[in-house]
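Chemist: Chains as they are written, first to last, in our numbering: chain C, 13 to 274; chain E, 10 to 296.
No wet-lab data here; the hints were simulated from the structure. For clarity, every value in this text was computed on a predicted model and none was experimentally measured. Heads up, a few of these hints could be off.
[Unchecked claim] List of simulated lysine to any residue pairs, SDA-like, C-alpha gap at most 25 Å:
#, chain 1, residue 1, chain 2, residue 2
1, C, 135, E, 18
2, C, 149, E, 209
3, C, 108, E, 22
4, E, 211, C, 113
Here are the chains, one letter per residue:
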Amino acid sequence: MDALEPRKIIGIYHLSKRYGDRVVLRDVNLQVGNGEFVFLVGPSGAGKSTLLRMIYMDETPNEGQVVVGSFVSTSLKHRQIPHLRRKIGIIFQDFKLIEDRDVFENVAVAMRVVGLPNAEIKKRVIQVLTQVGLYHKRYDRPVTLSGGEQQRVAIARAIVNNPEILLADEPTGNLDPEVTKEILQIILRINSSGTAVLMATHNHELVRNYAQRIVFLRDGTIEEDLRLGLAAFTKDRPELSDPALRTLGTTRGPVGPVEERR
Amino acid sequence: MHQALFLVSEAFTTLGRHKAVTFLSIVIMSLTLLVLAVFLLATDNVLTFLDRARREMTVFVYVKDDVPVRIVQDHYNRLLRMDEVETVMFISKEQAMAEFREELGEERSMLEVLETNPLPASFRVTLKKPYREKAAIERFAASVRDATIVEEVSYGKEFIEQFSAVSRGFLYVDLGLGLIVILSSVFIISNTVRLTIMSRQKSIEVLKLVGATNRFITTPFVVEGAFQAGVASVVSLGLLFGIFLLMKGILPDLSFLEPGKIALYVVACILLGSIGSFASLRRHLRL
Chain C
13 MDALEPRKII GIYHLSKRYG DRVVLRDVNL QVGNGEFVFL VGPSGAGKST LLRMIYMDET
73 PNEGQVVVGS FVSTSLKHRQ IPHLRRKIGI IFQDFKLIED RDVFENVAVA MRVVGLPNAE
133 IKKRVIQVLT QVGLYHKRYD RPVTLSGGEQ QRVAIARAIV NNPEILLADE PTGNLDPEVT
193 KEILQIILRI NSSGTAVLMA THNHELVRNY AQRIVFLRDG TIEEDLRLGL AAFTKDRPEL
253 SDPALRTLGT TRGPVGPVEE RR
Chain E
10 MHQALFLVSE AFTTLGRHKA VTFLSIVIMS LTLLVLAVFL LATDNVLTFL DRARREMTVF
70 VYVKDDVPVR IVQDHYNRLL RMDEVETVMF ISKEQAMAEF REELGEERSM LEVLETNPLP
130 ASFRVTLKKP YREKAAIERF AASVRDATIV EEVSYGKEFI EQFSAVSRGF LYVDLGLGLI
190 VILSSVFIIS NTVRLTIMSR QKSIEVLKLV GATNRFITTP FVVEGAFQAG VASVVSLGLL
250 FGIFLLMKGI LPDLSFLEPG KIALYVVACI LLGSIGSFAS LRRHLRL
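With the rest of the complex left out, here is chain E (with noise of 0.2 Å):
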């Protein structure tokens, strides 16, 4: 046990003992780390906004003229049961009409010439996440479709279609990148590990020669290797908070990541350190 302690507080000593190297490899690494955090900060905030565009995905069915009361009632509560479904909101004709004539604002006095209101009666129904997807959406539309009440189901085919072919071109072209970012980041962590080492090869021979275990050469490096990239890690969020709030003025519905999402960056960047700093070491010394 105090053995274990020694290791981490020889940790803490040796970075203080090379305040120039420690200071550089942080620097090194917050540059580094601050280019993937721009990268999932992107990426989020698009996700966030095909999340909220495929909430806004609705299902309009349209009820046939003259249906009474009850039955309409229980094909709502029909389509509250459905697995799907997350909300449902029945427009009558007169609401139809309403917010028809406030869309046509000025426009409106030509609505005066029908003697009849031809819009149908509908439900707008939105579908739970992980049905907001073309397929998804076509099977429902489909099983809705054949009810004797229903006059005809529409959900914007066109524009899903299209939707659908953007978010998937988005997901392929920001895998590959972020493929990208996290290898170089890999790279670039591991070499400036590489060099702390080589600075320190003689301390490690001397080591090996009085026969300390490679769990003894190693342990420091890991949590010196975890400590630097964990100080990078917040410092390239504090970075990334400085971008944030200029493109906010640009784009203000741009949004930070959620404090879990912080978390988890800081978790992995530590564990990415610790890890590169033990590979580094095992590739470099042949332990």
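The shape of chain C in the complex, shown without the other chains (with noise of 0.2 Å):
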């Protein structure tokens, strides 16, 4: 498989990955365009968050291929991730700060690992800093903020080199429905200039209100790949019906089960 076709950002093909004898994927095929919004909903140990550690290469398949743009699984080398990491902003449940550092170096620790010169660094994390509301909160550290608020820094610090992918895994877990609107509004507004985004979430009224495109995944496969199209946010549509989002799971737990992260 050769790099994707200029409208596919993300292509995975006949996907599997075991842990010893435990299959976690299998036979995974989706694709994802420029620009596309895409929700991935199972329950817990459905293998979310390990496809989305395919995506950006910290697992390698056992078998099958993802393309990244350019970059391909089977021929990517070692050395190659990191240049693939600067084309894709990713979030966690967690949000993964560097405790020891204000927002504003937690921010533009992602410029600088691609060499970028301070003044352009500088510009650049107060433009992503004012976009997420917190310009003003520059010089504090993560654990002086709230649960949002350091959502927020791990989004502009994902969204900081103009990434064309943003991976979210589990993002609003950790947050109360009030935060949890607020981070997919800044989620929106990122895809809406163009970056295609990847969310995995257990979160219904998310998947309800806001889904263009939902993709089923349960015991490691794609069960379902709904499009619903741009203008379909409505509580009325009913492939959105209570029946068809109870694969969602119940469960707000932590972003995937530990056995399946490693």
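Join the two chains into one complex using the hints; note that each chain is given alone, in its own frame.
Modeler: Laid out in structure tokens, this is it:
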């Protein structure tokens, strides 16, 4: 498989992943277009986090292939992985912020690894911190921020290099409903500027209210891939009725079970 | 270039941010390196002592009586030209007797019974450093013994044999101990570095997620490791000097490490710290 055609940014082909005897992903096929917003849903242990980790090449497939832009997992050298990750923004349920750096540095670090000049870093970091509403907290340490603010720092870090893809692994799992809405609004704005978003979630409300495309994952396989269209944000859609969402499960636990994480 | 500068400054910023961990690491490294430094000082002094003892090894080439002065002079020159020879001193029969008289001290009166001087004239030969060992001394003795003017060659064969055995034994023991001390130091330092790495695992994870290269992640750790080991080496030398001053009262001949050796020790410690950091990081993080 060569690099993807222009309108696809992620391609997953016949992907399988096992940890010992336990199969976590089984013959998964999924393509995500440029600027698309895809919800990845399924119960705990369905393989959502593993699938996301395959995309940013934190895990290697046992079978099949992952293509991200011009990066192909089967021919990717280990030293190329950092270059792939600079094309992807990633946010997590636990924010993954560096505790001994202030907000500014937590965001700037994504640009520093690229080797950009200080003036450019300063300008862009101020821009994204303003965008997520945290410019006034730029010298604060993460520990002094609320959960929602910490997630906004993580989002700022994820988008500071203008990535083509944003991967979100249960980003609202630790947040209350009001903050969840705020975070989703920010992610939707990022998506509307052309960044493809692939978001793993347990949150019924989010999926019901904002889904354009939902990929249902269960026991490591894609059970259903619903394309609802951009104008489909309505509670009246029969395809998003409660029975259809039953596969989401009801747990709002951590991002995937521990054993799924490695 | 600005990224390299950033990574170096990052190392020092991080050291400042984690003052307690940095302080603890330097203390552990200093004590570990002190053991190494004490070992080096002891080895250095024993080697100096052995070298001095070797320098005092003299080959006595006794000259037959009644050899004309011209021939003695020719032989003196011949000895001086030999590759092995460092110094040659001619001791006439009269000088030999005078020395002997001096050695006897109050008992010198016993010499008065002698009608003639029985002591032979001799050349006292010291050999160059590479030839101050048993086999080379034996070869040299054999090569000068055949000359017609030579009565006998003496070099304290038994002493040299015992000295060689002791020197060899010391070297083996010293090498063995040195290996244990160095391996222990490497082990303790790499584990100290590992503790630092573990305390910052989350930062490393974040750096990997945002696309940091291995060089970007490892450089600050290597700089930190080198800095900590450098400081620890200086601290250990300070402690060693304190121990040296205390020991000097008991062992007046004890000498401290020469400046060249001190510089070599500090450089070796810095290398040990930086390589230790790099190796620990690679092993621990699967970079």
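Chemist: A separate judgement is required for each hint: does it hold in the structure or not?
Modeler: Here is what the structure says about each hint:
1. C:135 x E:18: Holds - the C-alpha atoms of residue 18 of chain E and residue 135 of chain C are around 21 Å apart, at most 25 Å.
2. C:149 x E:209: holds, 24 Å
3. C:108 x E:22: holds, 21 Å
4. E:211 x C:113: Holds, at roughly 12 Å.
In this structure, none of the earlier numbered hints is contradicted; all agree with it.
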